[in-house]
Amino acid sequence: LWTWRNKEAHDEEFVKPIHSVNYVQKRVEEYQHAKQASDLLVGRECTRVEIGWKPPSSSFVRPNTDGARKDNNKAGCGGIIRGNQGEWLGGFAKGVGECSAFIAELWGVFEGLSLAKRMGFRK
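FYI, the numbering for the sequence shown is 1 to 123, going by UniProt numbering.
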């Protein structure tokens, strides 16, 4: 009884057993709405978009960076710097501790630009 009362007071997703029928009905309605939305998309034309790497102008280099986070909040970033022929000029990988995926992405950009500067590239 105490556990049930505690969950009811502190767990937003707790459902009293007496309300289980209402809970199931609500989930069925959500499923039906999602299915209807999905059915609207069937048969629609899709446009294919090619996405790829484009080389920089001849006097420039291009850093390509990425950041990611695991479920335990440990994050890292990495990247490479390529020249206008697509050649590899440098790269890095770094653990950035505990942070969001967005912050890890920002670390990747920062580290990529820092590496380019240390290598003497200004463009």
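Keep in mind that the hints were calculated from the coordinates and are not lab data. Ideal placement from N, C-alpha and C gives every residue a C-beta, glycine not left out. Treat the hints with care, as some may be off.
In silico BS3-like cross-links for lysine-lysine, where the CA-CA straight-line distance does not exceed 27 angstroms [what the hints assert, rightly or not]:
#1 Lys-94 - Lys-54
#2 Lys-54 - Lys-74
#3 Lys-26 - Lys-54
#4 Lys-123 - Lys-54
#5 Lys-117 - Lys-54
#6 Lys-70 - Lys-35
#7 Lys-26 - Lys-7
#8 Lys-94 - Lys-117
For each label pair, taking beta carbons as the anchor points, the in silico distance ranges come out as [unchecked claim]:
#9 Ala-34 - Ser-58: 48 to 58 angstroms
#10 Asn-6 - Asn-73: 21 to 31 angstroms
#11 Ser-114 - Arg-27: 41 to 51 angstroms
Notebook entry, point to check: When you check the alpha-carbon spacing of Lys-70 and Lys-35, does it fall within 27 angstroms?
Noted result: The hint is violated at about 31 angstroms.
Margin query: Between the beta carbons of Ala-34 and Ser-58, is the distance compatible with 48 to 58 angstroms?
Written below: holds, 51 angstroms
Note to self: Hint check: Lys-94 vs Lys-54, CA-CA at most 27 angstroms. Holds or violated?
What the structure shows: Distance of about 25 angstroms is within 27 angstroms: holds.
Item checked: Hint consistency between Lys-117 and Lys-54 [alpha-carbon to alpha-carbon, up to 27 angstroms] -> holds, 21 angstroms
Next item on the list: Using the beta carbons of Asn-6 and Asn-73, state whether their distance is inside 21 to 31 angstroms or not.
Entry: With Cβ atoms ~27 angstroms apart, the hint holds.
Item checked: Agreement of Lys-54 and Lys-74 with the hint, judged by alpha carbon distance not exceeding 27 angstroms -> violated, 31 angstroms
Notebook entry, point to check: Given the hint that Lys-94 pairs with Lys-117, does the C-alpha gap stay at or below 27 angstroms?
Noted result: Holds: Lys-94 and Lys-117 sit about 17 angstroms apart, inside 27 angstroms.
Check: Can the restraint linking Lys-26 and Lys-7 be considered satisfied, given a maximum Cα separation of 27 angstroms?
Finding: Between Lys-26 and Lys-7 the Cα gap is close to 21 angstroms, so the pair holds against 27 angstroms.
Item checked: Supplied distance hint 41 to 51 angstroms, evaluated on CB atoms of Ser-114 and Arg-27 -> holds, 49 angstroms
Next item on the list: Decide if the proposed pair is consistent with the structure: Lys-123 and Lys-54, CA atoms, cutoff 27 angstroms inclusive.
Entry: The given pair, whose Cα atoms are some 16 angstroms apart, holds under the 27 angstroms limit.
Margin query: Check the hint pairing Lys-26 with Lys-54 against an upper bound of 27 angstroms on the C-alpha distance.
Written below: Since the Cα atoms of Lys-26 and Lys-54 sit roughly 49 angstroms apart, the hinted pair is violated (cutoff 27 angstroms).
Figure legend: structure checked against the earlier numbered hints; hints not met, in rising order: 2, 3, 6.
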